[in-house]
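Number of protein chains: 2
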Amino acid sequence: MLTSPTILDAADPLARFQADFVRSDPDLIYLDGNSLGRLPRATADRVATAITEEWGRGLIRSWSHWIDLAREIGDRIGAGVVSARPGEVLVGDSTTVNLYKLAAAALDARPDRRVIVLDDDNFPTDLYVLQGLAAARNLELRVLHTDIDAGIDVDALRAALDDDVALLCLSHVAYRSGALADMSTITEAAHAVGALVLWDLSHAAGSVPVPLTESGADLAVGCTYKYLNGGPGAPAFLYVRRELQATLRQPIWGWFGQQDQFAMGSTYQPVAGIERFAVGTPPVLGLYAVEEGIRPVVEAGIDAIRAKGVALTSYAVDLSDAWLTPLGFRLASPRDAARRGGHVSLYHPDGWRICQALIARDVVPDYRTPDRLRLGFSPLTTSFEDVWTGLSRLRDLVAAEEHLTFDATPGRVT
Amino acid sequence: MLTSPTILDAADPLARFQADFVRSDPDLIYLDGNSLGRLPRATADRVATAITEEWGRGLIRSWSHWIDLAREIGDRIGAGVVSARPGEVLVGDSTTVNLYKLAAAALDARPDRRVIVLDDDNFPTDLYVLQGLAAARNLELRVLHTDIDAGIDVDALRAALDDDVALLCLSHVAYRSGALADMSTITEAAHAVGALVLWDLSHAAGSVPVPLTESGADLAVGCTYKYLNGGPGAPAFLYVRRELQATLRQPIWGWFGQQDQFAMGSTYQPVAGIERFAVGTPPVLGLYAVEEGIRPVVEAGIDAIRAKGVALTSYAVDLSDAWLTPLGFRLASPRDAARRGGHVSLYHPDGWRICQALIARDVVPDYRTPDRLRLGFSPLTTSFEDVWTGLSRLRDLVAAEEHLTFDATPGRVT
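The listed protein sequences derive, respectively, from chains X and G. Under this note's numbering, the first residue of the first sequence carries the number 68, and numbering increases by one thereafter. Under this note's numbering, the first residue of the second sequence carries the number 68, and numbering increases by one thereafter.
For the record, the hints were derived by calculation from the structure and aren't laboratory data. You may find that some hints are simply not true.
[Claimed, not checked] What follows is a set of in silico ranges between Cβ atoms, one per label pair, in the way DEER data are often shown:
(1) G:Val221 <-> X:Asp327: 52 to 60 Å
(2) G:Leu95 <-> X:Glu255: 53 to 61 Å
(3) G:Arg108 <-> X:Pro93: 48 to 56 Å
(4) X:Glu207 <-> G:Asp474: 50 to 58 Å
(5) X:Ala77 <-> G:Arg108: 44 to 52 Å
(6) X:Asp112 <-> G:Asp229: 55 to 63 Å
(7) X:Glu207 <-> G:Gln336: 16 to 24 Å
(8) X:Pro178 <-> G:Arg90: 17 to 25 Å
(9) X:Asp327 <-> G:Thr472: 41 to 49 Å
(10) G:Thr392 <-> X:Asp327: 27 to 35 Å
(11) X:Ser131 <-> G:Ser333: 30 to 38 Å
(12) X:Asp112 <-> G:Thr476: 34 to 42 Å
Bear in mind the structure is a predicted one, so any value in this text is a computation, not a measurement. Ideal Cβ placement from N, Cα and C applies to all residues, glycine included.
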C-alpha cells in the first residue's frame, strides 16, 4: 500500500523551505536538483545589490567587503553544511581545479610513495585529474573496480592499500548510483597505511552529513551548484584539515595565497592558513550566489535534510517497485537507505529514449551512461507530491510506449 | 598652455560611451578603471535575466545556452579586443590559473630546455606561478631586471635568451609604469632561440591593440575585470595560437576539456581545439558579465580606444608636469606615449599618504609599491574633465599638506 504524497507532505518539517526557492512553472517536476539546484528567491536581489551597489557605486573601494568572502563563506559551509572547523574551508575555483590543487599537494607531501588509489566509479573529472597527475609524475594509478549500482567495496579497497599509497581519492556519494561511502572507515583504513585521503563531496554536500572532522579526513573538494543551490558554474569549495595546512603546499602559486598580498613581494611566501590554497582573484558575484544558496541549507540543518532525503528516496524506491519494475526498470542504487545519498538511479535498457520522453512530459531527470535515469531529490525543494507525479508520469509514458518515438542515440545531457 | 578639458571632451569621438556605464556619484573621480572597470549599464539586467530566466525557469535545460559560452565570448574577445582568430581564445578560470595551465603546457612542450625567462617587473602572481613551476620541475628562473618606470630593456632581454630557454613570460603592459612592451620584436627574439612566449595581457586588453596574430605570439592570458569591465573577480581568458593547440596539453585534466564530455569516458582524451585548455564547469553568471563588459569595447573599436588612451595619458602627463612636478612628484611611466598603455604612475616619496588623502577628496587612484600613485584612464569611461579635476584635487591637497594627517604605513589597497 503506497502512502499518499499529500500525507507525507503535510508531515514534512522542511516543507516551508520550498517557498524560499523560485518555482516558475508549477507543472514542471524537477528531479535534477542534484545536478543544478533550484534558484533561491533571495539570490537575484543579492547579486543585483552586489552589482549595483558594491561594484557600480563602491567600485574598487568595495574590496573591503570582498577580500575575505571566500573564507567567510567557507566557514559557513564548515559550520552548517559539512563538518569542519573555522579556517578549514575556502570557496573559489572549480571543483576540478581544487581537486588538482589538493591532490598535487598530497602527492608532494608523500614524495617517496608511488601510488594513487581511486575507483572506477569516481566522477570522470576526478579520474582525469588523477590520470594527469600520475602521468606527469610517473605514478601508478591503482584503480579499484566498483559496482556502479552498489558503491565501494571496502574489503577490496583495504586490499588495495599498502605503504606505497600516497593518496586515496574517492567520492563520498557516487555520481550515478548515489551510493554513500563510509567516510570514517575508509579514512581510517587509508591512514593505517600512511596515505592521505581526498574526498569529492560534490554529490554529498547539502544532502548528507559529511563528517570531515569526525572521520579525520585530510582533504576534500565539493561543488556548490548542486544541493547547495549556487547556480550554474558556481565556485566550488575545498577543505584542508587544519593540522595539515602548514605542511601542504599547492602547485598553483598565486597572489591570493601570498603573505601580505598587497606588498606585492617578489617571492612567493604563502600564508599559514587555508588561504594558501587560494590562487587568483575570487569570483565575487559567484561567491554571493553561493552565500544565498547555502543559507536555507544551514537554516534547515543537515540532519533534517538527511532525514527528508532518506524519506524521499525511499518513497521513490517504493513507487518504482510498484510501478516501474513491471515495466522493465531496475533500481541502480543501494536499496538500503543508509547506504545511499540524495539521489537514486533507475536502469532501463531504453534509458536514453525514456529520458527524452520524460522531459517531453515536463519531468526533468538526468541521464547517466549506461542507460540510467538519475533522479535527484533535493530535500529543500522537492515535495513528496513531486516524487509521486514524476514517477507516475514516467510509468504512464513507458506503459504507453511514448519513448519509442524518440531518437535512441544518447546525446548531450539536457 | 594647458588645453581646457571642455574642448577635449567636446572633440572626443568616444564621449558617448560614458552613458553606457553607471556613474552613481558624479563628484567621484574614478581613476582606477585599470584595476576594476566601471559597471556597464546593461550588466545588471543581463545577469538578472540569466539568473531568473535561464537558471530559475530553464534550470538544467539551459545548459544548451551555456555549454559554448566560454568559447563564444572568447571569440568575441579575439575578434574585437585582441587580435586572434576564431577558436583561439577561451574565457574561464582566473588569470593565475590560466597562466599556470599555459606555462606548464609550454614547459612540457620543451622538455629538454631548463630555463624560464621573466622580468622582475612582471605582476607578482606571474612571478609566483613561474617560481612554483620552476621549483616543481627544478628549472632555472632567469630573471631580467627591468626599470620599473621605463619597462623592458629589449637588448638585455635578447642577451638573456639562448637555446636552453623553454619559455619567456612577460606582461604586455607593465602593471606599475604602464610601459608597453614591443610584442612583435620580443616574440621574434624568443622564437629565434626556439622558446615559446606567454604574454600577460591583463593591463593591456581593452586598452591597447594586442597583436597576437601579427606578432606570432604563442600563448597569452588576460584579465576581464580591468579595461574589459567584467566585474570583481570576473573569469579571465586565455589564448593559444591555433597551430600549437594540438601539440600542447595543459596539466589540469578536466571534464570540460574531454572529447564527447557527456559520454563520461573513463580515460582523458582532450578535444583538439581551444577547449582542451578548459577544466571545470564554466562560471556562467560571470561569463555573462564579461559578455556585457566587452560589448562597448568591441563597439568602440580598439584603435579608437587606443587613440583616446594616448590622449588621456598625455593630458595627465602635461598636467602633472605643470602642477605636480613642482610639488615633488615625478613621472614613473614612459614619457613617450607610444611606449605606454592606458595608465600612468606618479612617484612621490609620500605616495601612500597622498593616496589616502586623495581618496578622502573623492578621487580614487590606485597605490603601488614603492610610493607610486597609479592613475588608470579607461578610455570608455574617463573624460578629460575627470583627468583635470582629479589632478587638480591632487595638486591642491598636496599644496595644502592635507596628506600629512594620514597614516604613513602602507596598508591594504582600497
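Distance restraint evaluation - glutamate 207 (chain X), aspartate 474 (chain G), Cβ atoms, bounds 50 to 58 Å: holds, 56 Å
I want to verify a distance hint. Is the separation of the beta carbons of alanine 77 (chain X) and arginine 108 (chain G) within 44 to 52 Å? holds, 48 Å
At the C-beta level, are proline 178 (chain X) and arginine 90 (chain G) separated by a distance inside 17 to 25 Å? violated, 55 Å
Quick check on a hinted range of 16 to 24 Å for glutamate 207 (chain X) and glutamine 336 (chain G), using CB atoms only. holds, 20 Å
Is it true that the C-beta distance of aspartate 112 (chain X) to threonine 476 (chain G) lies inside 34 to 42 Å, as the hint says? The hint (34 to 42 Å, Cβ to Cβ) holds, given that aspartate 112 (chain X) and threonine 476 (chain G) are roughly 39 Å apart.
Beta-carbon spacing of aspartate 112 (chain X) to aspartate 229 (chain G) - inside the hinted bounds 55 to 63 Å or not: Given range 55 to 63 Å: holds, Cβ gap about 58 Å.
Please test the hint of 27 to 35 Å on the beta carbon pair from threonine 392 (chain G) and aspartate 327 (chain X). holds, 32 Å
CB of aspartate 327 (chain X) to CB of threonine 472 (chain G), is that within 41 to 49 Å? violated, 25 Å
Can you tell me whether the CB distance of arginine 108 (chain G) to proline 93 (chain X) sits inside 48 to 56 Å? This hint is violated: roughly 34 Å between Cβ atoms.
Does the beta carbon distance between valine 221 (chain G) and aspartate 327 (chain X) stay inside 52 to 60 Å, or does it fall outside? Once the Cβ atoms are compared, 33 Å apart, the range 52 to 60 Å for aspartate 327 (chain X) and valine 221 (chain G) is violated.
Leucine 95 (chain G) paired with glutamate 255 (chain X), Cβ distance criterion 53 to 61 Å: For leucine 95 (chain G) and glutamate 255 (chain X) the Cβ distance comes to about 58 Å; the hint holds.
Within 30 to 38 Å: is that where the Cβ-Cβ distance between serine 131 (chain X) and serine 333 (chain G) falls? This hint is violated: roughly 46 Å between Cβ atoms.
When held up to the earlier numbered hints, the structure conflicts with 1, 3, 8, 9, 11 and fits the remainder.
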